[in-house]
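As given, the protein sequences belong to chains D and X, one line each in that order.
The opening position of the first sequence corresponds to residue 9 in the working numbering, with each subsequent residue numbered one higher.
The opening position of the second sequence corresponds to residue 39 in the working numbering, with each subsequent residue numbered one higher.
In case anyone wonders, no lab produced these hints; they're calculated from the structure.
Check the hints yourself; a few may be wrong.
What the hints assert, rightly or not - In the SDA-like style, the derived pairs of lysine to any residue whose C-alpha atoms are separated by at most 25 Å in a straight line are:
1. X/Lys228 <-> D/Thr295
2. X/Lys96 <-> X/Asp235
3. X/Lys228 <-> D/Pro170
4. X/Lys228 <-> D/Val45
Okay, here's what each chain looks like letter by letter:
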Amino acid sequence: MDIAALQHIAATNVWGAIWPELSLGCLALALLALEIVLPRAAHRHIPAVAVLGQLVVLAGVLLDWHSPWLGRETFSGLLRHSSEGQAMRVLFLLSSIAVCLLGRLNLQKSAMPRVEFSHIVLVVAAAMMLLAQSCHFVMFFVALETVTVGFYILVSYCRTNPLTLEAGLKYLILGSLSSALLLFGIALLYGVSGNPLLSGHTPAGMHYSDLAAFLAANPHQWLAGLGIVLVLSGVAFKIGAFPFQIWIPDVYQGAPTPVTAFLAVGSKAAGFAALLGLVRYAFAPYTWLVIPVLSFMAAATILFGNLAALNQHNVKRLIGLSGVSHAGFLLLAVVSVGATSLAVGAIYFYLLAYLIASFAVFGVMAHLAGSDDTNQQLDHYAGLARRQPLLAGVLAVGLGSLAGIPPLAGFMGKFFVFVAAFQADHYGLLAVAIAGVVISIYYYFGWIKAAFFEAPAGPSEGASAVTVGWFSGVILVALALATVVLGFYQGPLGRWLTW
Amino acid sequence: MSLPLDPLLFSIAAPLAVALAIALGLPKRWSVRLAYVGFGVPLLLALHVGWHFGAEPKVAGYAFLHTYSTGLQGLGIALKLGVNGIAMPLFVLAGVVGFAAGLYAIQSGAERLKVYLMLLLVMQAGLMGIFASVDVFFFYFFHELALIPTFIMVGVWGGRDRTYAAMKLTVYLTAGAMFSLLGLIAIYVKSGAHSFDLIALRSALAAQPLPLLVQKHLFGLLLLGFGILVSLWPFHTWAPLGYGAAPSSTAMLHAGVLKKFGLYGLIQLALPLLPSGAAPWSHGLALLAVFGNVLVIGLVTMAQRDLKQMVGYSSVMHMGFAFLGLATATTLGIGGVVFLMVAHGLSVSLLFMLSTCVHHRTRTFSLDEMGGLARKAPVLAGFFTAAIFASVGLPGFGNFWGELTIFVALWHYSPAIAALAACGIVISAIYGLRAAARVCFGEPTEAFARVAEQTPPADLSWTERLPAIVLLAALLVIGLWPKSIARPINAAFAEYPAAEERSS
């Protein structure tokens, strides 16, 4: 390799472009260092340091919104910076902050170490950010594996609970399987694109734009098609799309509530960011294959998620399956990406609304969880409106938003997705989506019904006295208010999304 | 005279502001006082809008136009408020019925009154918003804003079968709303106007109408969606159940005003935007309405032994007349529907309110266990009989003009269907007058006599009389002075695209 090429590569290593990821990583290490340095009595302040540090990074990202590297590739084509990447950074930071706060609440109850938890969450968040901005399969895979490995630990974090361990094992086995599928797909694509017998072959088949150029030159290469399907399958596992959604109910139930929230929101958003990159850039010439595959997935995911959630009584399984159906709605927007510019904005808004509403619901769940938070039934919510009106109100707003009821943010998300799907002429999928919405009303409403209409259960286990600290109260009310306000006033956000 | 503020925006904002104040923990005494403001301001502003509507400058038939940005200009969505001749009478209706329902709720002494009033206020804001919206997106949005509190109120404050009724109401009405949302999005996308503004949509589609087949399918979709919301047979089963279970103020607002959303949507959106889409569905709709809503439900209503169920079914039946007017697709028929919507809204909410008043005195809804109320509570009996007369369509009340114009239009459309529908009038006279006789006159039954012994029934108190007087006065005003509504409606039809084509 000649020196000029090395110089070129070195010149593209712009470390300043990834300062949010770097500072999250440093913060994560600093937390561990603090635990060694500080006296034991001061350890309880370390999670607060984690949250404050993330808030600083979040403020920095917002101030640096028009970063000079937008629209450029850095690290010799591993990363591509864009304003959408900035949006994903904000989204991941918001979710990791919320997860840390939830962890503060929840891990106290189960007496688990908290510093390591924050550490892993920070590392995973940094990896998610890199994943969302990757435009090279090497970066893509490394970031995705960092996320997944972090989740292997997080899912089985409460290592004394057998259900949690089982969930961790299931996630590990199925996660490795999906990683294997993904890797095999990448290898196939790399191999095919480097085949000198094919026109337009390239040695840089790992890079999205080079791969796209090769695919455009070979529009019906079956091996490449196989590779694409395998890669999509690997991503489908992360977002919990049919037929790779089997792990979701068990893992969501077994994982500690903050981790469930992180899986439901962060991991799903990361999966969609990655999928968007693939569909829009790498696989763009193969829409003939990608659109039917994803359309089938979308329809099946919406139907499976909603139908399976219908008779769930465990709320964590219920929220997991409802999350599956949300992945279906998001896929509906993904298949519309090629036809309309609105689709991308729709996905970001949907993810934001989903994030806010989910954390509102998970926040309520974390409050209601007893020492064993894998076993939360709908019955435990009976009469919540009388016992804790604040929690009941936040729960109703969160669930209403997830169900897509106006005037809440979730409705706007669904509305944007439907408009985008209409513009892309996906009428069949729209019909399925409408059916899904109507079905979903039933189980979300069942939950609200339990909280509002039913008399409080006796002083049984799990329905014990619930207290809400002022800090958690403020956060929950803020989430609920944000859900309501975003439902009718989008302001500058709306202008950015519909540009 | 012009107010220094936008009356439409404030009629929406005032109830919302009061609801917010209550939600933030206002003490009960102040909540109740402020609730009067929350229901009174929309009424006054609605009357102001109604009174000055004729003299206001208009753009494309719309007066009081104001636009507020919410950040979605990129999609062509903005909070655009204004009323035309079709919206204005319904806007006033929402103000009047909302005020009456609010007054009744305040004096009802319901459990957890603050939350109840808060939800009613949110519903009131949504109702004002529906008829003040020129933007199709916000038209739908405000409908949902009004609908959601209904579910909660039925579930928490409802009567018999409240949980089941709330669930059924939610599923049915969400399905209806979703179908109509799809139809509205479809119109937006297909029109190519890049705007949800109704005026822009109208001019875009008048310049370049959609292909015939597309119009037909979209109209069918909207008819299905809106039809479920207006309890078109056979999608009506939520209505009697829901109204039977709903607390009276909720039933008043829903049956009186919110249910008219579907008809209003068909008249204001579907017919003018898809002028050729209606014709293929017209016969089917007319047959469904006359056999399903008018005759079948009419007979079912006759068989009811429960007063509240009877009122619920009768409202389903009267919607049949409205659908018949729509099916004629003539200016006369549709004008009659708008008239009937206003009159029926007033009369049905009056009936729901008085049924509850009767229930408080007889402790039963069963018609078989009532009788002789006129001797114990003559004022209540008087109001009740008047409300029944109005609902039956006696001249002097608003309903008469609505039904009359619909029948004239229907006669030109198909004399056979007009004759069948006329049987409906007979049926409604039978059950209406029989109910009035059972409740108010004759000898008290044993059951009622026992109840009356324990708690002697008081006559209508002034707090109950006031809302009844408001509603009855409004019914008489439009009954004796139909021009108050007919003139703006006529003016609106002048702006209706291709109105001449259809009326010929």
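Hint by hint, here is what the structure shows:
1. X/Lys228 <-> D/Thr295: holds (24 Å)
2. X/Lys96 <-> X/Asp235: holds (16 Å)
3. X/Lys228 <-> D/Pro170: Not OK: lysine 228 of chain X and proline 170 of chain D at ~55 Å, beyond 25 Å, violated.
4. X/Lys228 <-> D/Val45: Given that 25 Å is the threshold and the Cα spacing comes to 65 Å, the pair is violated.
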